[in-house]
Amino acid sequence: MPDLITVHDPRGYAPKVTGKRLAPRHANLDGKIVYLVDCLFDNSEAFMEQMRQWFAANLPKVNPRVIKPRQSWVDDAEMRAKIASEGSAAILGVGL
Amino acid sequence: MTSLLEEDGVPCVAVHTHVFHRVATSTARLRGIPTLRQAFVPQPVVGRTPGELRGYIEGADRISGRPFMQEVLEGLSRPLDDADLTGATFERTTPRLVAPDTEENLRALFLENRWTDFLPIVLPTEARVAAMLKGTSQPPDTVVGRMRAGNFREAWEYTVEKVAVNAVMAGAKPEYFPVILALAASGQTSRQGSTTSMTCLSVVNGPVRHEIGMNCGIGAMGPYNHANTTIGRAFSLASQNGQGGSVPGETYMGALGNPMAYSLVFAENEERSPWEPLHVQKGMKPTDSAVSVFVGLRYVQDGFGPRDTWEEKMRRCLAASAYLPPTLVTDPIVARLFAAKGIHTKQQLIDWCAANARIPAREYWDDQWVQTLIHPLAVAGVEPFATRLKAAPDEIVDMHEASDINVVVAGGETQGAWKIFGANLAKTVSVDAWR
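As they're listed, the protein sequences go chains A and B. Residue numbering for the first sequence follows the working numbering, starting at 18 and increasing by one per position. Residue numbering for the second sequence follows the working numbering, starting at 1390 and increasing by one per position.
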């Protein structure tokens, strides 16, 4: 029978995860403002402009608006407040 | 930001490129919203023409195979189910000890769980960890700090004992432990998950260098000294394990990886330098012991001299990265040759670098990280970036502020060698506080 040894676990301690619900959905987006959030990553501006054009061509009753946060990777509370007060939905993107 | 908007009551879909599927999915789960609506276009978006990006939008989602815009529109309008309404609440516990087993099985377990850097480790037995803990007066349950694997990951917490476990695994000695704790206390991870493959460079100053036999001479950057090597490795292991992992595709996305992530800690050669030590420049006393942690490290250049054309050579090297400021590491020979040329302080060399790190505006703004991280600040009017943004494309602009540039003296005087590391000084931490 080989010797058994006891060793420490090297991992740190994870924070507790608290469940959050999704926001209520709209049955359709006609007549509603959909914010296209350009997350400022390289070329995401061009991607969101193409998405805006896609909505104009395919779902003209939807009102897409491109918006940018003030900084990459930092929460912009002011921008979120604007989206929440004026918008009905948001599409965020996009990375590499 | 997507999860925050959902909390604000805004239905959202997050768009990613397909290689980020695993990390996006696990991040959503760890934010308590595993059913967060996500859609995936092909990698890359960078460098694609508007027509190609339109093709992504009109094409298939790279993960589900369904039309991409169908995924997006359904994500915004599909009625919520029970999972959407409750999210996921859970706790993850980390046991203090692993279940007893044979040495062979434990080694296999550590490899399988990705708790190592794939080099052999010293198994952290209770006796070895207890011996390591004698290297500090701090209680084992003292919280040392928190780290996260990336900007969007959750921060994990680690104690003195957890850092000791990783120090044992790295092969460090108890007398090195205060330096390792100071590195961990910086809260900076040397195993950051960025696509850029960045890591840390750390410089030790003060009496502790000699007390524990660190190398600031020949081969200072390694691998020629037990203290330098194992302290750096301990920082790396404590980073990856303290933050809850560094797993490719999930918590690590570095495209190329970085060999400097194994270990890069060395001591400044204060005795042979004509200039003020780094920690004194940062406000500490010469008799203090400290470690300075530089982050974002991903490129290195080198040269010899200063020779007759040193200014031209240095200007070319300084132009290498518009985003990362230069950290110069010079052999004492180089430092003294600079001093002989009238550069009597580090600050004079730093000022020269700041004045000569210049490139055309079109090159500056075409740098991916300048575009992603600095351009928004420039648009918002933050100086000096706003002024740089006003420059004509061929106008020469400054790249770095003097306050972001650093100089360190290390090396064994076998050659007039210098290196430039692209890295930001994040923090200078007291080692004495962890003795």
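Hint data in this document are derived by calculation from the structure and do not stem from the laboratory. Possibly wrong hints are sitting among the right ones.
Claimed, not checked - Taking lysine to aspartate or glutamate pairs in the EDC-like style, the calculated list, with each CA pair at most 16 angstroms apart, reads:
hint : chain 1 : residue 1 : chain 2 : residue 2
1    : A       : K99       : B       : E1396
2    : B       : K1671     : B       : D1473
3    : A       : K37       : B       : D1691
4    : A       : K37       : B       : E1700
5    : A       : K37       : B       : D1470
6    : A       : K33       : B       : D1470
7    : B       : K1779     : B       : D1793
8    : A       : K33       : B       : D1793
9    : B       : K1808     : B       : E1639
10   : B       : K1674     : B       : D1821
11   : B       : K1562     : B       : E1600
12   : A       : K99       : B       : D1397
13   : A       : K37       : B       : D1473
14   : B       : K1730     : B       : D1691
15   : A       : K33       : B       : D1471
16   : A       : K37       : B       : E1600
17   : A       : K37       : B       : D1697
Stated by the list, open to error - What the simulated footprint calls covered on chain A by chain B, stretch by stretch (three residues with Cβ under 8 angstroms from a Cβ of chain B suffice, anywhere in the stretch; the number is not a length):
hint : region
18   : 27-33
19   : 41-51
20   : 61-67
21   : 79-88
22   : 94-106
Glycine residues also receive a C-beta, built at the ideal position from the N, C-alpha and C atoms.
Structure-based check of all given hints:
{"no.": "1", "hint": "A:K99 <-> B:E1396", "in the structure": "14 angstroms, holds"}
{"no.": "2", "hint": "B:K1671 <-> B:D1473", "in the structure": "50 angstroms, violated"}
{"no.": "3", "hint": "A:K37 <-> B:D1691", "in the structure": "51 angstroms, violated"}
{"no.": "4", "hint": "A:K37 <-> B:E1700", "in the structure": "57 angstroms, violated"}
{"no.": "5", "hint": "A:K37 <-> B:D1470", "in the structure": "13 angstroms, holds"}
{"no.": "6", "hint": "A:K33 <-> B:D1470", "in the structure": "24 angstroms, violated"}
{"no.": "7", "hint": "B:K1779 <-> B:D1793", "in the structure": "22 angstroms, violated"}
{"no.": "8", "hint": "A:K33 <-> B:D1793", "in the structure": "37 angstroms, violated"}
{"no.": "9", "hint": "B:K1808 <-> B:E1639", "in the structure": "33 angstroms, violated"}
{"no.": "10", "hint": "B:K1674 <-> B:D1821", "in the structure": "12 angstroms, holds"}
{"no.": "11", "hint": "B:K1562 <-> B:E1600", "in the structure": "12 angstroms, holds"}
{"no.": "12", "hint": "A:K99 <-> B:D1397", "in the structure": "11 angstroms, holds"}
{"no.": "13", "hint": "A:K37 <-> B:D1473", "in the structure": "8 angstroms, holds"}
{"no.": "14", "hint": "B:K1730 <-> B:D1691", "in the structure": "20 angstroms, violated"}
{"no.": "15", "hint": "A:K33 <-> B:D1471", "in the structure": "21 angstroms, violated"}
{"no.": "16", "hint": "A:K37 <-> B:E1600", "in the structure": "51 angstroms, violated"}
{"no.": "17", "hint": "A:K37 <-> B:D1697", "in the structure": "64 angstroms, violated"}
{"no.": "18", "hint": "27-33", "in the structure": "holds (count 7)"}
{"no.": "19", "hint": "41-51", "in the structure": "holds (count 7)"}
{"no.": "20", "hint": "61-67", "in the structure": "holds (count 5)"}
{"no.": "21", "hint": "79-88", "in the structure": "holds (count 4)"}
{"no.": "22", "hint": "94-106", "in the structure": "holds (count 7)"}
Checked against the numbered hints listed earlier, the structure breaks hints 2, 3, 4, 6, 7, 8, 9, 14, 15, 16, 17; every other hint is satisfied.
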